Each structure stands twice: as C-alpha cells, then as structure tokens.
Amino acid sequence: MSLCVVMLSWEFPPRIIGGLAAHVHDLSIELSRKGVEVHVLTLDFPGAPAMEVVNGVHIYRVDSYKYPSPDFASWIAMMNVNMLDYACSILKNQLKGDFIIHAHDWLVANAAIALKHIFRMPLVATIHSTEYGRRGGIHDDYQRMIASTEAWLTREAWRIICCSRYMAGEVNRVLGTPMDKIDVIPNGVYLENFSSIGGAELRSMFASPDERLVLYVGRLVHEKGVQLLVEAMPRILQSVNAKLVIVGEGYLKEWIKRRVEELGISQKVYVTGFLDIKTLRGLYSIADVLVMPSLYEPFGIVALEAAASRLPIVSTCAGGIGEIVSHMHSCVSVYPNPDSIAWGVIQVLSNPYLAEHIKNNAYENVKNNYVWAKIAEQTVSVYQRVLSEYLSLGGWKPRR
Amino acid sequence: MKVVFLSWEYPPRIVGELAWLVQSQIEGLRRKGLEVELVTVSDSGFFIEEPVHGLRITRISSPVYPHSTIITWIAAINTEAARVVADIYHSTTDKLILHTHDWHFAPATSSLKKALNIPWVVSLYSIEQQRSLNPNSPLSSCIRTIEWHMARECDTLLVRNEWMLSEVRRSLPLDRVAVMVLDPSSPSWGDEVLRLYNLLVKS
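Protein chains in written order, with my numbering: chain R, 143 to 542; chain A, 831 to 1033.
What the hints contain is simulated information worked out from the structure, not anything from laboratory work.
Just so it is clear, the structure is predicted and the values come from calculations on it, not from any experiment.
Where is the CB? At the ideal position from N, CA and C, for every residue including glycine.
All clues given are correct.
Computed list of lysine to any residue pairs in SDA-like fashion (alpha-carbon distance at most 25 Å, straight line): (1) Lys832(A) with Asp1013(A); (2) Lys208(R) with Ala190(R); (3) Lys539(R) with His920(A); (4) Lys943(A) with Arg262(R); (5) Lys234(R) with Lys832(A); (6) Lys925(A) with Gly239(R); (7) Lys234(R) with Ser921(A); (8) Lys925(A) with Asp240(R); (9) Lys943(A) with Asp205(R); (10) Lys208(R) with Arg913(A); (11) Lys234(R) with Ser530(R); (12) Lys208(R) with Ser1001(A); (13) Lys539(R) with Thr922(A); (14) Lys234(R) with Val1007(A); (15) Lys238(R) with Ser1033(A).
Quick look at which bits of chain R chain A covers, simulated, 3 or more residues with Cβ under 8 Å: (16) 202 to 213; (17) 250 to 261; (18) 279 to 289.
One chain only, chain R, in its complex shape:
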C-alpha cells in the first residue's frame, strides 16, 4: 500500500519556535526514506524558499502575515485560513490518490479539520503537549479556547499520537479522548549526531580542569525545575568541587542569577543562554552528569540526547522521562527537592562504577528503541492502519 501524507506544522526548519520543528523535520525525512510521499505545509521564514524538495520531502511555506490580525489567537486563526486555502489549491493538482493528513498540535487544527472534510481523507493528529499541562491547569477563557480547540482536534482525528504513555494519560484525562484511540510513539534521536567529542579546549570555556561539570539543558521555567537544581548546588559543593552549567533561556534567568549571588556560589554556576547545536552537543560529551529536575515533562528529549552522548542522567523522572530511563539502571532517580537532587548528583560524581553502569544502559536503550528509523516505522504502521480502516469503511470517500 503506497502511502502519502500531508503534514501540517506551524514550525519547520529554519523556522524554529520550540521542539516541534526538529520533530516534524526528522520524522518527515525518515518517512520519506521509508518510501512515504511526504508533503509538509508550514509557515514562511525570511530567506527560506516558498517551495522546495529536501531529501525527498516536499515543503510548502505559506505566507504567515497575509491577514493583519489584532492578537496572537486571531493570527493563528487567519494563518489557518490561509494555510487551508493554499493547501486546497496545491493538493488538488499534486495529489491524485488517497492521502493522510497529519496535524501537529492545536495551532493547525482549523486547517487540518477543514482539509479532512473537503477532501474526505483521514486525519491523524500528534498532541505534543496540552494547554492544561503547559500552564498547570486552565485558568482563563483564553486557555479554555485553546483547550477546547485541542479537544476538537482529537475528536476529529482518526487516531491520536502521543510521545509517551504519560501524555496519552493526560490527553485522555484532560481532553476526554478515549485511550484506545491513542497510539504512543516516542520522539527519536539520530545517534550519529551525538558521537562528536568536545575536547579540553571546549571544557576550559565552561569549567576549570579540577571541577566536575554538572549540566542542565532546557527552558528556564518553573515546570523544568531548574530552581530546585540551583538550590541543590550548595549541598553538592559540600561534597564535590563542581561547576553547574545551565543552558537555555526563560523567565527564571534573572532569578537564577540573583539567587546564586545570594547563595554565594556565583563562581560555581554559569548561565550560558542559548547555545548553538554544535557547542551543545560538545557539552553533552564533556559533562560529567546531566540533571533533569523537571516537574512536568511530556516526553523529555534532553534525556535521549544525553543518553546518546553516554552522559549519566540524574532526574526526577517526571512525565515521560520515567518511560525512557529507570532508577539505578539507566539513571539515578530523585525526588523534586534540593536535598534529593544533591544526593543523586553526588552519587553519580563520587561513584564511577555507577556512572558507567547507568550511562551504558541508557545508551543501549536509546540505540534499541529511540532511533528515528524505528520511530518512523511505528508512524508508518499507524498510517497503514488508518488507511486500511478508511478504505474498508468505504462510505466516507470523496464523490469523485
């Protein structure tokens, strides 16, 4: 059965807002390698061509400012109107057979749902995170609108894909989607991207030779728990001479800088802000331990990246992380409080046998279960299931 998919995503490289762009990019390329005809509808970016074919993936970039809009939600609404209109004019000529529409998150819900009905083709939706989860609850009408859009998308979709069992549970609980409508397919990683070794020169930019390097990678926001790691640092320093390197941006950045001064450890904490991908991958390879103190985590891609770099992980195992690594096998699992986090970091830094054990197990796990080739295979099976159900039903096909 030949497969053709039309992906809808509001971000795709070089337009990168969050993790969605890399996910849709890697998935599309891997699907194309597996013989799936992939068309990606996304938004424009200065300098990026409006239409191109990259590694077999057809990419269409839609004008995102065609309609002036009073606010973000209206912009999203009109962006969907425009994306749909564009899709209707190109798909009619480009696609002759059946195809699957694959939407990523609520931001493209309107366009994806309308496409489904106009062409009468099945819709698959990946819910990467929910408004409830991102904001720790639904507090106002604006959020209610987004949550309601998410629920609408899951109702209209033939199948839902979530990146972890944790997220599947959240989608079930928060959006009321039946569990048997959800497939769990994790995010993937390319192992070869993390084989680079950062040398002593790179290390000297972040820590002195006698300091052990404790790494944090992620947004500097409450849900990622970075504030707990900062509070744990004085306790860690009582046992180990270490340097905490915090990579990422977020509203807690200024708080962190102020707090480390109050704690008198400003020479032991380095907040780098955003780093380019090459430096980040180098950091993974020279660090001694990665800490993921998250309170909420739909998946936890950083755990995959650290494991692929053979970097031992200390984590609260919140949300999806607990499905990737497990305590004393492939990570040291800690409670979300400074004492416990400090204990975990000291365990890894003072016990080389433990560090070796957990990092090797984590690497093997990633190699066997989280490489893109494998993830794309699972996605193809969802497409095949949807298409065969769609074809066998027969009654809901286009008129001509």
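Take the given structure of chain R and dock chain A to it, following the hints.
Okay, now just chain A, sitting in the frame of chain R:
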C-alpha cells in the same frame, strides 16, 4: 443544479437587515423552481432543521468555546461550514453553486471553490470600510483583508445599486471578478440571478 446559500444571519437569528434579505431571496429563487439549501449560524449548538416547505437549513455552531475575538470564532465556524458544504457536495451528483452574503463565510467558500471547483457568487451589502468607526484598526484591517481576498477569488460579485458599486470600486480589487448591479427588490432579480447561476454552472 443546487445552490447553497451561506449567511451568518437568518431568522430567527437576526443581527441586521441581512437575515430578511437572505430569506426573501431564497423564497424568490425557490418559487422559480430552483433547489436551494441554506447554511447559517446557530447560537445554541449545531442542528439541522426539519425542512419547512422543502428548504433544508443547517445551523452550524462553533465547536470551540469560548472565543477570544470574533476572528477566532469566524475561523471555527468557517471550518464547520466547510465540513457541512463538503458533506452536501459529496452526497449529491448535482452541480453546486455557492452563494455567500457579505464576508463571514468567504474563507471556507474560497477553499471549497479551489478544492472542488464549485462556482462562487458573493452578494455584498456593505463593506468594513463603511461599517467600521476605525477601519485601520487591526481587527478591521483583518476583515478588510478577508473582503479583499473574497473579491479576488469569487466568480461574481453582486451589489445592490450604483452607489455601492462605486464604494466597492474604491475599496476592493475588481480586476479578476465580474461585478453586477442587481437590486434584490426589483421584479427581475430572480431571473437575472438564475441566468447567472446557469452561466456559471456551464462554464
């Protein structure tokens, strides 16, 4: 041939004059033997009315609630309109014509026309440039752009009188569209519109 009227108001949902104008136009066309279906808006959930004298009315409602602006609401009801019109299209072999009234359903109709090759007629009774106290505000600019896009994409634009024609000429791009002045209250309106529908279906 079947004509699908799309209007955001129709009795008992009355916002302004449009509700009555659309009702009298539908009645006039049906008296001439034309099959008409109506897609309009409900404030209390989606439902299909029991046909009254054979007129099928689908009242659509936003599947998303609440909304932060009229624009997010418009996008959601347009997606619903696309669904309902696509259902009509896929369940009949009749030739369809889409006839929208003012700007509200222009986004869905433009996409339906492109994807399914359905001719599109617009009746324009007023434009944002006239209605808005601040036509350059971000909200009005958005609506004006929808009207602008509508004038570029539809097949025929109907206006009520010469004054409206001059207003439209000043505000909208008319280089790709046929514009006709047709007064809905004149006795010849029904025949003229029927002739237009027949021409569009044949082309």
